[in-house]
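The listed protein sequences derive, respectively, from chains A and B.
For the first sequence, my numbering assigns the number 1 to the initial residue and increments by one for each residue that follows.
For the second sequence, my numbering assigns the number 212 to the initial residue and increments by one for each residue that follows.
A couple of the hints might just be wrong.
To be verified - With a straight-line cut-off of 25 Å between C-alpha atoms, the simulated SDA-like cross-links for lysine to any residue are:
1) K361/B x Y163/A
2) K341/B x Y163/A
3) K351/B x I59/A
4) K364/B x F301/B
5) K364/B x Y163/A
Calculated from the structure, these hints are not laboratory results.
Number of protein chains: 2
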Amino acid sequence: MNNNIITKLSYGVYIVTTWSEGRPVGCVANSIMQVTAEPATFAVSINRDNFTNACIKDIKKFAISVLAESSDPKLIGTFGFKSSRVVDKFDGVDYSVQSRLPVLNDSCGYIVCDVIDTMETDTHTVFLGKLVAADSFGSKTPMTYDYYHKVIKGGAPKTAPTYVAEEQTEKTQGGKKYRCTICGYVYEGDEVPDDYMCPICGVGKDLFEEI
Amino acid sequence: MNNNIITKLSYGVYIVTTWSEGRPVGCVANSIMQVTAEPATFAVSINRDNFTNACIKDIKKFAISVLAESSDPKLIGTFGFKSSRVVDKFDGVDYSVQSRLPVLNDSCGYIVCDVIDTMETDTHTVFLGKLVAADSFGSKTPMTYDYYHKVIKGGAPKTAPTYVAEEQTEKTQGGKKYRCTICGYVYEGDEVPDDYMCPICGVGKDLFEEI
Chain A
1 MNNNIITKLS YGVYIVTTWS EGRPVGCVAN SIMQVTAEPA TFAVSINRDN FTNACIKDIK
61 KFAISVLAES SDPKLIGTFG FKSSRVVDKF DGVDYSVQSR LPVLNDSCGY IVCDVIDTME
121 TDTHTVFLGK LVAADSFGSK TPMTYDYYHK VIKGGAPKTA PTYVAEEQTE KTQGGKKYRC
181 TICGYVYEGD EVPDDYMCPI CGVGKDLFEE I
Chain B
212 MNNNIITKLS YGVYIVTTWS EGRPVGCVAN SIMQVTAEPA TFAVSINRDN FTNACIKDIK
272 KFAISVLAES SDPKLIGTFG FKSSRVVDKF DGVDYSVQSR LPVLNDSCGY IVCDVIDTME
332 TDTHTVFLGK LVAADSFGSK TPMTYDYYHK VIKGGAPKTA PTYVAEEQTE KTQGGKKYRC
392 TICGYVYEGD EVPDDYMCPI CGVGKDLFEE I
């Protein structure tokens, strides 16, 4: 058996948002698909470890922001590799409230859904949402998961359905530290090598900053 | 509200197969996504009007063949625009039986799943399948739904979750366009040749109409 074929499935890159006690929250998702055309419904798979999962169950509404190739990759670092439990992911993020849901403006557009059903699995909840509002922000090219991996060279959060355990390398030498601005990984050493790739999210030296 | 954003969601192109009384059956699907990583599970949305839907419920197993950019577009015509009720879709198709399920050899590879849950919606069933076998057929580039629309210039079956009534195709300056009334393929040229056959579904000139 060769499971490599499961990496050949095609996805987009999305940020799924809702509210937690009046505070906007959200996380990155790639497992999103339309389920029916009339009415337009969408299935979204969100890990129960994600803070956003319980918030969607509480609010019973969510929004999908469709990321564009031109969207700032740091949105993926913030919404994919941090938790709304400990940080305000929307701090410094350009967002608006559409049909009472927070959506990211640096995207192709959004879909707002009412939750009409759920299916629980071992680790994830599949939310079935019925479209109640949608709009496009210009005619941007949507970011595919393949583009994210190959062009942006990003990785998957551990809570993603498509996560594959990655090798981690321990660095203990030197006194300086550099943090990956995408996923928060800390590199310890005098200088990030030119050909270095973040072991968590795969980005290069230029996206590391000294801390 | 501008629903155009829902066409910006990204998908692959797949053929979902199973058996009907010992006969291989299947249909095209694009709404397929991984739901959990451990165990690997997949959600597949299939219209209840599709013959394959009832067959999956009966057999409780299905296979996903991941189409490649190099896959013969006629597979989409056969499996997407005809019904296993009236034709043998596998007639003349190169397929093999893998882990007791029929899969198409002209693809990137396959995933065989046991059905472990279902969610019914207005028109479609979402099957949750647990991976029991998988393999790749070489290192082909998977066909995305976007590639199918833009490069192969194909349309969506009316039973597809992503079907949009009267799909709009903008006319280029000066040139004429003809649309296949069966599958939506657009022919560009002054006139459809008398011996022309639709590259997707195989019908002749008389089933094309000027747009």
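Check: Taking only the CA atoms, is the gap from K364/B to Y163/A under or equal to 25 Å?
Finding: Violated. K364/B to Y163/A sits at ~33 Å, over the 25 Å cutoff.
Note to self: Would the hint linking K351/B and I59/A be met if the CA-CA limit is 25 Å?
What the structure shows: violated, 43 Å
Next item on the list: Quickly compare the C-alpha distance for K341/B and Y163/A to 25 Å and report which way the hint goes.
Entry: holds, 16 Å
Check: Between K364/B and F301/B, does the CA-CA distance stay at or below 25 Å?
Finding: This hinted pair holds, its Cα atoms lying about 24 Å apart.
Next item on the list: Take a quick look at whether K361/B and Y163/A sit within 25 Å of each other, Cα to Cα.
Entry: violated, 30 Å
Consistency note: the structure conflicts with the earlier hints numbered 1, 3, 5.
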